[in-house]
Amino acid sequence: GIQVEQSPPDLILQEGANSTLRCNFSDSVNNLQWFHQNPWGQLINLFYIPSGTKQNGRLSATTVATERYSLLYISSSQTTDSGVYFCAVEKETSGSRLTFGEGTQLTVNP
Amino acid sequence: EPEVTQTPSHQVTQMGQEVILRCVPISNHLYFYWYRQILGQKVEFLVSFYNNEISEKSEIFDDQFSVERPDGSNFTLKIRSTKLEDSAMYFCASSGSRTVWGLNQPQHFGDGTRLSIL
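If you read the protein sequences in the order shown, they are chains S and C.
Numbering-wise, the first sequence is residues 28 to 137 according to the numbering used here.
Numbering-wise, the second sequence is residues 89 to 206 according to the numbering used here.
If you are wondering where the hints come from, they were derived from the structure by calculation, not from laboratory data.
Hints are not guaranteed to be accurate.
[As the list claims (entries may be wrong)] Interface residues of chain C toward chain S, partial, derived using beta-carbon atoms under 10 Å: (1) 121; (2) 125; (3) 129; (4) 131; (5) 133; (6) 136; (7) 144; (8) 179; (9) 181; (10) 183; (11) 191; (12) 194; (13) 197; (14) 199.
Every residue gets a Cβ at the ideal spot worked out from N, C-alpha and C, and that includes glycine.
Please work from the sequences and hints to get the whole structure.
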């Protein structure tokens, strides 16, 4: 099956710092999503981004499908950004599984 | 914005008992999924469901598991005889059909049911 690798596995930042999270995947995909899992376990959908660049406030994401990677940028980080960030990809057509990476555990200190 | 709802939020069950987890997908979506996440691990796919039948299942989804869409709105996951290792967060998700440009639609996740087996 498709492999999804995220880096770094852990990241500790001071409030206000910027960061870049990376997701590499081993095959072409029809869907790529970034999620934030908050301390209560909820999976918050950040971006649906099979290709191109999107921005939402302090967060932005870029997927270069031809090179099989995606980047999530967090600017001016806040303590509420803490949690686990997952990248997930869907290889086949609609209705097929999302394969998740292991996640990046982000801690933002005040 | 429409959302996927799951009940209960937390379920505690004795080992060997049957448990049913319930989900109400987004109303115009056609594809339904169950995922699970063991504490501290990544999210794993269990099963996908389309047109009233299973379209894909993982090796985790053995004979102890079953899914059903009993009416036009609910989607359920049943575990027949629970084991300690079934303790996990279970997520339901749904997605719509492909766009006119041939792209997959994103999967929308519920808040999860935390299942604890004693």
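Q) Which hint numbers does the structure go against, in order from smallest to largest? A) Of the numbered hints given earlier, the structure breaks none, since each of them holds.
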